[in-house]
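**Student:** For reference, the chains in residue letters:
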Amino acid sequence: MLNFARFVATRAVMAMITLIIVSLVVFSLMELVPGDCAERYLAFKNTQGSGISVEDIEQERARLGLDQPFLTRWGSWIVNAFQGEFGDSCILRVNIADLLGDKFWLSLSICLASLALAYAIAIPVGIIAAASNNAFLNNSLRIVSYLGLAMPNFLLALMIMLFATVYFGNTLTGLYSDEFRDAPWSWAKFWDLMSHAWLPIFILGWSATAFALQTVRALMSDEIGKLYVTAAAARGVHGRKLLWNYPARHALGPIVNSLGFDLNRIFNELPIVALILVLTDAGALLIEALARSNDQQLAGAIIFLLTASIVTLNFATDVLLAVLDPRVRKSIIR
Amino acid sequence: MTTTSDPTEVPQLSTEDQKAKEAYFTASQSQLIWARFKKQRAAMIAAIVLFVLIVSGIFAPFLSPYDPTIAGRNKDYTNGAPQIPQFCDKNGCTMRPFIHAVERERSMATNFRWVTTINEDVRVYMTFLPKGDDYHLFGFIPGDRHLFGVEEGFIHLFGTDEDGQDIFSRTLHAVWTSLQVGTIGVFIAFVLALIIGGVSGYYGGWLDGVIQMITDAVRTVPAIPLFMAVAAFMPPEMTAEERFFYISLILGFIGWPTLARRVRTHLLTERNQEYVLAAQLCGASPSHVIRRHLLPSFTSYIIVDLVISFPYMVLSETALSFIGLGLKDPVSSLGVMLQKATSADVMLNYQWYFIPVLFFIALVMAFVFVGDGLRDAADPYSEANK
Chain V
1 MLNFARFVAT
11 RAVMAMITLI
21 IVSLVVFSLM
31 ELVPGDCAER
41 YLAFKNTQGS
51 GISVEDIEQE
61 RARLGLDQPF
71 LTRWGSWIVN
81 AFQGEFGDSC
91 ILRVNIADLL
101 GDKFWLSLSI
111 CLASLALAYA
121 IAIPVGIIAA
131 ASNNAFLNNS
141 LRIVSYLGLA
151 MPNFLLALMI
161 MLFATVYFGN
171 TLTGLYSDEF
181 RDAPWSWAKF
191 WDLMSHAWLP
201 IFILGWSATA
211 FALQTVRALM
221 SDEIGKLYVT
231 AAAARGVHGR
241 KLLWNYPARH
251 ALGPIVNSLG
261 FDLNRIFNEL
271 PIVALILVLT
281 DAGALLIEAL
291 ARSNDQQLAG
301 AIIFLLTASI
311 VTLNFATDVL
321 LAVLDPRVRK
331 SIIR
Chain W
1001 MTTTSDPTEV
1011 PQLSTEDQKA
1021 KEAYFTASQS
1031 QLIWARFKKQ
1041 RAAMIAAIVL
1051 FVLIVSGIFA
1061 PFLSPYDPTI
1071 AGRNKDYTNG
1081 APQIPQFCDK
1091 NGCTMRPFIH
1101 AVERERSMAT
1111 NFRWVTTINE
1121 DVRVYMTFLP
1131 KGDDYHLFGF
1141 IPGDRHLFGV
1151 EEGFIHLFGT
1161 DEDGQDIFSR
1171 TLHAVWTSLQ
1181 VGTIGVFIAF
1191 VLALIIGGVS
1201 GYYGGWLDGV
1211 IQMITDAVRT
1221 VPAIPLFMAV
1231 AAFMPPEMTA
1241 EERFFYISLI
1251 LGFIGWPTLA
1261 RRVRTHLLTE
1271 RNQEYVLAAQ
1281 LCGASPSHVI
1291 RRHLLPSFTS
1301 YIIVDLVISF
1311 PYMVLSETAL
1321 SFIGLGLKDP
1331 VSSLGVMLQK
1341 ATSADVMLNY
1351 QWYFIPVLFF
1361 IALVMAFVFV
1371 GDGLRDAADP
1381 YSEANK
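So the protein lines, in turn, are chains V and W.
Here this note's numbering is used: the first residue of the first sequence is 1, the next is one more, and so on.
Here this note's numbering is used: the first residue of the second sequence is 1001, the next is one more, and so on.
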């Protein structure tokens, strides 16, 4: 048990280190944008009619702490970031944590739902495909997997919208109906959300499903040929029981491990799909922040949050795997 | 191969078999790979498709009837439907393909709006190798002949966009743009991966640990949001060419971690082999060992990895251009062309905006199949399963 705690602690430290490296990258990127917050604040004041001088800018810099050395500012940024505090966006002039708040959790839930959908499809279908010799099934799965790669989610979203507009006259965009947009949470609002959210969930899960299918099938066909499966079959285990209790359990490890990368893939598609489907969640906000207004604080916060969710998921799967898989558990607790 | 004995000891082999066997044993690595690659139907078809696409990309200025930029626009046929050459119409058949003339008018009857009508009684015949817009093949060979055109007016195989630019011409040029961006991006990523993965895999130990940690951290950041963040720094006053190189550069700088990991894994397994030890004992420097002994041992794997990572570069560029952070208008690129396609107006009325998508799916699929085929062909142990 002590060993297990040590394993969890090591993993947690590793996750923290990853996040710190990422935060350094993100923070340096934010710094690279020409012009800082002080200049922007005063440029805004300038448009309000008051004249500004170089001294004003220097004063504002001192007030915002921008005159500190790079490492100091990075340090304070990361300490705040771990507490969920990202300061103010100097373009929108609002607190970033307040601005993101619900939107971030909503997009994260949508992404996790797509991930769940992807694996809910991929695991059973992949296992069945690996076990069967049906050439038609295997070939069609191969084509679907390749399409998942060749047809990026945003093209899929465009195509679905194209068909929806041509045949149903409805673009299927947005997350809420108009009457629910600003309403407080209720069951009615939840159902309304669900009736809109299935499309983004499906589209975001699309390429992840294709990849997961490929992974599950490959792992299963590797395992099915092994001797312990033959031995189990010789003992009289057959059918679904044979498949699920023997090779499927062995193939589980790498599949659980691939969860983090699939979430990464889904986040990749999120901003663009959000733009096409007019979802005003964190993804679309990222494009807004970058493409329209060059708002580096907001963009940095979003990228950091996305990465933090992936790192957290990776940490969770590592621990989960240690709990689930006796081989991994044995190797830790020696 | 089931038998490894000398062919001369097996007298029952016919001379043809013997020749085949000799050819097998004396074949070079690349000949073996090619022989295995040829056996895979899907990969061969994909290779042909890929070849056709690459050639049509390279010769895009010649193959496309018009200039892809605003200079080649047909201002009388904006948002025009595709014109398909035909041999027959209600007035009979001819040997030469033709299209029907397009007339544009604005009068009382049309409520003073421009209305385009097709006059089915007037035929415009296609011509081959007509003189058209000037272009520079490969960037320096000047020319003004195009593969096809029409006697007068314009022909738009895939229709036109809202500025009257020919979508067919733009598609071919966009294929070329994608290939260029992908090549530069893959090349930069490859050089970085080789250096970083090479150092990491060759030296191992704590250096490897640190480099792996950084690589993994970079890999956890979702790539496209990161692309967006980096691309947003491009000053808006950049020229199209500068933008193009900047985008390729970003793609390369963000795409290296996966490749670097593969290089490292290859190196880690190879560096404990005897031939490396022999070279080291002879006093070879590390860089010499890496370049002359280790890299050649897995060149084929690296080529496969490059082919496989190519479509990701192309797709990332498309996504970036699509949201307006990548290439900008004078350059033809799928992302740029699709920017205008999201409006309901286009979706309902001008579906031919989406024709280029098919080309890109074909391009990406071809790369994926060729990459898969190459991977199987480059693996000397794959024959056991065949």
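Everything labelled a hint here was simulated from the structure, so no lab data went into it.
Fair warning: there could be bad hints in the mix.
[Claimed, not checked] A partial selection of chain V residues facing chain W, derived with a Cβ cut-off under 7 Å:
#	residue
1	S28
2	L137
3	N138
4	L141
5	I143
6	L155
7	F163
8	Y167
9	S309
10	L313
[Stated by the list, open to error] Computed footprint of chain V on chain W; a stretch qualifies when at least three of its residues, placed anywhere within it, have a C-beta under 8 Å from a C-beta of chain V:
#	segment
11	1072-1085
12	1120-1126
13	1209-1216
Glycine included, every Cβ here is placed at the ideal spot set by N, Cα and C.
**Student:** All hints, please: hold or fail.
**Tutor:** A quick look at each hint next to the structure:
1. For S28(V), the shortest C-beta to C-beta distance to chain W is roughly 11 Å, which exceeds 7 Å, and the interface hint is violated.
2. With a least beta-carbon distance of about 17 Å to chain W, the hint placing L137(V) at the interface is violated under the 7 Å criterion.
3. For N138(V), the interface hint is violated, since its Cβ never comes within 7 Å of a Cβ in chain W; the closest pair sits about 13 Å apart.
4. Residue-level restraint check for L141(V) is violated (minimum Cβ-Cβ distance to chain W is 14 Å; threshold 7 Å).
5. Interface hint at I143(V): violated, since its Cβ lies 10 Å from the closest Cβ of chain W, which is beyond the 7 Å cut-off.
6. Given hint, L155(V) at the interface with chain W, holds; its Cβ is 6 Å from that chain's nearest Cβ, closer than 7 Å.
7. The beta carbon of F163(V) comes no nearer than 9 Å to any beta carbon in chain W, farther than 7 Å, and the hint placing it at the interface is violated.
8. The closest approach between the C-beta of Y167(V) and any C-beta of chain W is roughly 11 Å, which is over the 7 Å cut-off, so the hint fails.
9. The criterion of a C-beta within 7 Å of any C-beta in chain W is not met by S309(V), whose closest approach is roughly 10 Å, and the hint is violated.
10. A distance limit of 7 Å between C-beta atoms decides the matter here; for L313(V) the minimum to chain W is near 10 Å, and the interface restraint is violated.
11. Counting residues of the segment 1072-1085 of chain W whose CB lies closer than 8 Å to any CB of chain V gives 0, so the stated coverage by that chain is violated, three being the minimum.
12. For the segment 1120-1126 of chain W, the stated coverage by chain V is violated: 0 residues have a C-beta nearer than 8 Å to a C-beta of that chain, whereas at least 3 were required.
13. Given as covered by chain V, the segment 1209-1216 of chain W passes the check, having 3 residues with a CB less than 8 Å from a CB of that chain where 3 are the minimum.
Violated hints, listed in ascending order, are 1, 2, 3, 4, 5, 7, 8, 9, 10, 11, 12; each of the other numbered hints is respected by the structure.
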